Amino acid sequence: MTVSFAIIAIITIASAIAAMTLRNLVHCALALVGAFAGLAALYLQLDAQFVGFAQILVYVGAVAILIVFAILLTGGSEPPNQPIFSASWCIGGGVALAVFGVVAWTIRSSHSITHGLPAVTQPSVRQIGDQLMTKYILPLEVVGLLLTAALIGAVIIAMKEEKAK
Amino acid sequence: MGPLSAYLTVSAFLFAIGLVGALTRRNAILVLIGIELMLNAANLNFIAFWRFGAHPEALAGLMFVIFSIAVAAAEAAVGLALIIAIHRHYKTTDVTQIDSMRG
Amino acid sequence: MDQLFVNLKHWLVDFAPLGWQPLVSALISVAAIVGVFATLFAITTILERKGLGRIQNRYGPNRVGPFGVFQPVADGLKAMTKEDIVPRAADKVVHFIAPLVLVMPVFLALAVVPVGRNMVAVDLDGGILFFFAVGAATELSVFMAGWSSRNKYSLLGAMRAIAQMISYEVPLILSAVTVIMIVGSLSTTKIVDAQAGFSGWLPNWFVLTPWGLAGFILFMIAAAAESNRSPFDLPEGESEIIAGYYIEYSGFKFALFFLGEYIGLFAVSGLAITLFLGGWRAPLPFLTWIPSYIWFFAKLFGLIALFIWVRGTLPRLRMDQLMNFAWKFMLPMALVNLLAAGVWHFMEPGFARWAVCLLIVLGPYVMLGRSLSEHKQFGKRIYRYAE
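Chains as they are written, first to last, in our numbering: chain A, 1 to 165; chain B, 1 to 103; chain C, 1 to 387.
Bear in mind the hints are in silico, worked out from the structure with no lab data behind them.
A couple of the hints might just be wrong.
What the hints assert, rightly or not - The calculated DSSO-like cross-link candidates involving lysine-lysine, where the alpha carbons are at most 27 Å apart (straight line), are:
{"hint": "1", "chain 1": "C", "residue 1": "K50", "chain 2": "C", "residue 2": "K92"}
{"hint": "2", "chain 1": "A", "residue 1": "K160", "chain 2": "C", "residue 2": "K152"}
{"hint": "3", "chain 1": "A", "residue 1": "K160", "chain 2": "C", "residue 2": "K328"}
{"hint": "4", "chain 1": "C", "residue 1": "K92", "chain 2": "C", "residue 2": "K82"}
{"hint": "5", "chain 1": "C", "residue 1": "K152", "chain 2": "C", "residue 2": "K82"}
{"hint": "6", "chain 1": "C", "residue 1": "K78", "chain 2": "C", "residue 2": "K92"}
{"hint": "7", "chain 1": "C", "residue 1": "K152", "chain 2": "C", "residue 2": "K9"}
{"hint": "8", "chain 1": "A", "residue 1": "K135", "chain 2": "B", "residue 2": "K91"}
{"hint": "9", "chain 1": "C", "residue 1": "K152", "chain 2": "B", "residue 2": "K91"}
{"hint": "10", "chain 1": "C", "residue 1": "K92", "chain 2": "C", "residue 2": "K9"}
{"hint": "11", "chain 1": "C", "residue 1": "K50", "chain 2": "C", "residue 2": "K78"}
Unchecked claim - If the Cβ cut is set under 8 Å, some of the chain A residues that face chain C in the computed set are:
{"hint": "12", "residue": "Q45"}
{"hint": "13", "residue": "L46"}
{"hint": "14", "residue": "G61"}
{"hint": "15", "residue": "F85"}
{"hint": "16", "residue": "F100"}
{"hint": "17", "residue": "V103"}
Since the structure is predicted, the reported quantities are computational estimates derived from the model, not experimental observations.
The C-beta atom is built at its ideal place from N, Cα and C for all residues, glycine as well.
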């Protein structure tokens, strides 16, 4: 595989491991940003330009900031003094290892594609727009409704309740 | 190991890491971060199969990932709002201590 | 003359061996962008201080060099030689990379702005999306700077700055979406090409249409808020929380924050010029012999002068006034603007089109203005003098 893929993959995996194992919550969130950025670079390597930029815009620009705000609002800025992993971490680790083992074995044993990236023209934004407006119009409208509902719902849930005196 | 297998292996690794975090960390926000990592790993899977698959010009994988990103963002917002509300009530975000149904 | 720099770059790239040519071409573009815009940053600092000084009825800096023109050199020397103080309780790694995370995306954003004919560093198919994506990445650096200093005021400034930037991102993107809708492409070069031609004496720029003018004004206001510039500079208000989120930075890192803010201003002004003011196109038919990059930089200077003028004139907005303005006024106006642009596209050119679109834009403007200001109770002014 190409060198650039190897470097980006290593950076992404290292950031993901850091995001899941660090003590300080804000450091975890910042490592997660690194993982998102690495994934965006992988999407760009796979000629999915629109998705790569959308990933940075949505995940790095919005979801990461949401996570950081939530960490600060729930008092996570100080590293906790209790153990960070729950008591049953062996079982959790074992399950994840089993899942990874099964998936990796499936990948190994299947007929792998050995040629490189097939020559396909990059989908232009116009094509994506056309598809969104003709074939995928129903999911588009439903996602609009979903985002509105999520917006209103999140605000209502997180709002301070006014105690009726 | 061809290029598609390489991308799929990276995706499986990220999924496993997210799964470990979601299952073992104590803080609720880190569970949510693990879930986001799992969703991202699945997105990478979709894009890899779209690119190396049979009909890249049908844009099916791309469309799925676009909608998946939107839905994951909405779900992160609602999940974090829930965690904030729970913290206000229980004064802690430790998932091992939020274990009673009665308030 | 117009293609002078393009030909120069091609001549330089031809010296390199064949396999290395894309890399050399990219490096030359990067060096050109960094060199030109960093020099522009130095010129802008002195222009701003002298301009603000004149607005406030005083001279600006006038000690260093004739009329103070070497002040940026003095500032640069000071920034580079000042001691770099890092608070003991600060988070060292995050404290160190916060300025870098600010400066890198704003320089990246300059890569899709077409500076002249055929003079864009990277012609991406989704250029505008790339621009807004890297713009969103700068908010993270604000948080990192504020949090890593372990200073309550710094964190407070960072939170306010992020809330402000996120709120104003929505009208910014919606105003840009209006132009994208009319042109039908996200590529910056295609947007500039769509504003070609002259109808009579007037150019076909988008700012000379009702929805374009409203969109331009909305875009400019949102851009001022995005780069934390007065009257939206509460997060870095000098008289309130001293420097806000970069209060614990000194020396070169502070200069990097300053640089990042100004380059961000240039990038978003460059985008405004591309979207609304016709990019590098000349305004009158008989002036097209002037090279394209001269027009771009002339327009850029005009916009910078506008920002300096607004900074020296308007008072600062309070935080709740800022947020109300973004969500209750600018967002509905941006949506109405979208509607007006759609109507404009489908009507026949003529007087009726102008009348209808002006009505669509001005009607909600007047109604929103009336309804948002009727809740303010301004009592009779009472003057109290010291006895």
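Hints, verified against the model:
no.	hint	result
1	C:K50 to C:K92	violated (37 Å)
2	A:K160 to C:K152	holds (23 Å)
3	A:K160 to C:K328	holds (21 Å)
4	C:K92 to C:K82	holds (19 Å)
5	C:K152 to C:K82	holds (25 Å)
6	C:K78 to C:K92	holds (23 Å)
7	C:K152 to C:K9	violated (50 Å)
8	A:K135 to B:K91	violated (47 Å)
9	C:K152 to B:K91	holds (22 Å)
10	C:K92 to C:K9	violated (41 Å)
11	C:K50 to C:K78	holds (19 Å)
12	Q45	violated (15 Å)
13	L46	violated (15 Å)
14	G61	holds (3 Å)
15	F85	violated (23 Å)
16	F100	violated (30 Å)
17	V103	violated (30 Å)
Violation of the numbered hints given earlier is confined to hints 1, 7, 8, 10, 12, 13, 15, 16 and 17; the remaining hints are satisfied by the structure.
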